[in-house]
Amino acid sequence: MNFILHRVGQTLVVLFGVTVIIFFVLRIMPGDPVALMFGDGDDMDLGASRAAYEAYLGLDQPLHIQYLKFLGQIVQGDFGNSIVRGGEPVLAMVARALPLTIELSIYALLIALVIALPVAIMSALKQNTIWDRGGTAFALIGVSLPSFWQGIMLVMFFSVWIPIFPVSGVMDARISITRITGAPFTDAVLTGNWEGAWSVLRHMTLPALTLGTGICGQLVRVLRSSLLEVKHQDFIDAFRARGLSEPAVVGHMLHNAMPTTAVIIGLRIGALLSGTIVIETIFSYPGMGFLLIQAINARDFPVVQGVVVLLTAMVIAANLVADIMHGILDPRVKLSGGKGSGS
Amino acid sequence: MTGFLPRRGRPWPNIIILLAFATMIGFALVAILAPWISPHPPNAQSLMMRLRPPGTEGYWLGTDQLGRDVLSRLIHGARLSLTIGVVVMILTAMLGVVIGLISGYFGGWVDTVIMRIVDIWLAFPFLVLAIALVAVLGQGPDKIVIALVLSGWPGFARPVRGEVLQLREREYTLSARVLGVSPFGVMFKHLLPNVMPTVLVLSAVDLGYNILALASLSFLGLGIGAETATWGGMLASGRNYVATAWWLAALPGIAIFLVVMSSNLIGDWLRDRYDPRSPFRAARNQNLAAARAAATNA
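Note that the protein sequences, when read in sequence, are chains Y and V. Under my numbering, the first sequence has 117 at position 117, and the numbering climbs by one with no breaks. Under my numbering, the second sequence has 42 at position 42, and the numbering climbs by one with no breaks.
If a hint is listed, it holds; no wrong ones were tucked in.
Label pairs and their calculated CB-CB ranges:
| id | chain 1 | residue 1 | chain 2 | residue 2 | range |
| --- | --- | --- | --- | --- | --- |
| 1 | Y | L190 | V | N14 | 52 to 60 angstroms |
| 2 | Y | R240 | V | A28 | 45 to 53 angstroms |
| 3 | Y | R50 | V | F188 | 46 to 54 angstroms |
Because the hints were derived from the structure by calculation, they are not lab data. Note that CB positions come from ideal geometry on N, CA and C, so glycine has one too.
Please model the complete structure; the sequences and the hints are all you need to start from.
Structure below.
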């Protein structure tokens with residue numbers, strides 16, 4: 001319990017620091033957003049309207065006041081309004097994009113698991129054979145492939161040469177899904193709209209496959225090494241001696257190796273979300289990443305700020321959950337965590 | 001760790017490492033010699049020769065939608081990617097190592113404050129932070145370098161600090177301090193050489209990361225103007241011609257993949273050699289110790 005409290009406290013400090021950094025990055029760095037918005041190549045004298053706009057955004061006040069105001073708004077869930085899209089609240093835009101990204105990430109994780117499990121098991125069981133070499137090489141290629149390139153190649157193969165999957169978007173234009181949670185696949189299933197669900201699934205497959213193979217490489221590496229650790233332990237030999245079938249023994253090994261793997265995947269959730277930024281852009285899939293890039297290209301700074309804060313907060317939350325899980329599953333972690341060793 | 005150590009101790013299949021080194025050296029040579037070996041200027045357009053497939057006379061890897069030579073653009077892209085990758089790697093390593101040394105050596109509240117900042121920094125997804133920084137800083141290779149260095153330094157600072165925590169209790173550090181060597185003297189003369197293996201391993205992997213991040217950023221249209229030949233930018237514009245001109249998107253991706261994979265392979269290999277847990281390293285240290293003993297006796 002002490003450990004959990006300690007970690008939650010630490011997380012709050014980190015969250016606070018994150019807001020400070022985002023605030024300073026977006027307000028203090030040499031490229032000032034208002035200057036970017038107004039441009040510097042104009043013939044007109046924009047001094048007066050610039051000053052008015054700065055006053056409107058509160059940029060004329062001292063920094064610490066600005067920061068406190070910013071923090072106060074965030075705590076109340078107010079992330080400001082989009083400058084570009086008719087002043088729509090940032091939170092509403094995020095609420096539309098987030099379920100899409102979550103659904104895509106889960107689908108990608110499932111794909112990654114389906115591919116990684118057999119590869120890692122083969123690789124670990126037949127250690128130092130051609131199977132193992134193949135598995136490790138597969139993992140290395142998975143880690144090194146640029147996801148955006150892989151996405152384009154998948155489009156080339158499966159949308160252009162053999163048109164099985166659609167290129168972009170969330171679903172076919174003629175289909176409409178009643179909105180419940182905002183996540184299209186879940187909504188379609190909940191309302192029994194099977195045609196809609198099928199369409200969404202087909203649209204998600206290529207982006208999820210791209211994202212999934214990227215994670216898959218890491219997953220194989222982690223799972224393989226935790227399987228190797230379990231493999232030579234006495235209880236596994238005991239299972240074999242008792243005459244358990246090989247699949248049952250592998251089941252027990254997995255049972256021991258999966259928690260570590262799950263925790264490590266939880267700690268890498270940031271990389272997963274970073275991946276979605278690029279992949280959503282390739283497939284014009286209107287999730288968080290797509291929103292971020294659109295906002296940057298439109299110089300819509302409140303949206304950029306809101307998306308970055310929320311994405312980072314999600315990553316921090318996921319890391320916290322993974323850490324606490326790790327502490328519960330592996331009591332040794334508590335000892336080092338509770339002392340506040342600073343790492 | 002049983003079952004893991006034997007694998008680590010076994011030397012890598014050397015042919016693959018040699019290939020990785022050869023690929024890196026090859027790309028480095030191409031990058032250095034870019035102006036002399038590229039058959040055309042990277043931005044020379046020839047509207048008569050648009051979208052020619054690879055194998056066209058004079059344009060061995062084909063041309064793009066504006067009739068620019070893909071090979072020349074790839075060569076100049078290599079120059080930019082590798083330059084930025086290496087510069088970012090060196091600056092990130094320097095910043096991270098200095099911060100890590102200070103944090104680990106001084107300890108106490110300095111360490112606590114620095115490590116809290118590192119925690120906060122690591123909470124950001126790397127690419128998200130880099131994208132936000134580039135969005136604020138604006139266009140230009142120098143801006144990209146700043147953004148990547150600022151997002152990447154904790155990756156060096158934390159492991160270096162961890163090593164220093166152990167090294168500062170060693171006899172040679174203590175004796176240097178007793179002899180009155182200044183803190184910075186101890187850090188840079190005595191501790192730095194001993195953390196270099198770690199830094200080397202981290203740098204090799206970091207190079208690949210940087211090149212991948214640069215490609216992602218230029219693919220997203222951030223940081224470097226569209227007219228400059230970058231691998232990511234070539235991919236982004238080639239994407240629109242996937243149906244008709246596969247080589248435009250395929251070739252730059254292969255270049256990125258080769259460089260990043262070589263960098264990862266070299267990093268893994270270095271880790272196998274220098275990881276303290278690796279028996280390889282223990283053996284090497286014994287040899288070194290024996291050699292030193294022999295040298296002092298003679």
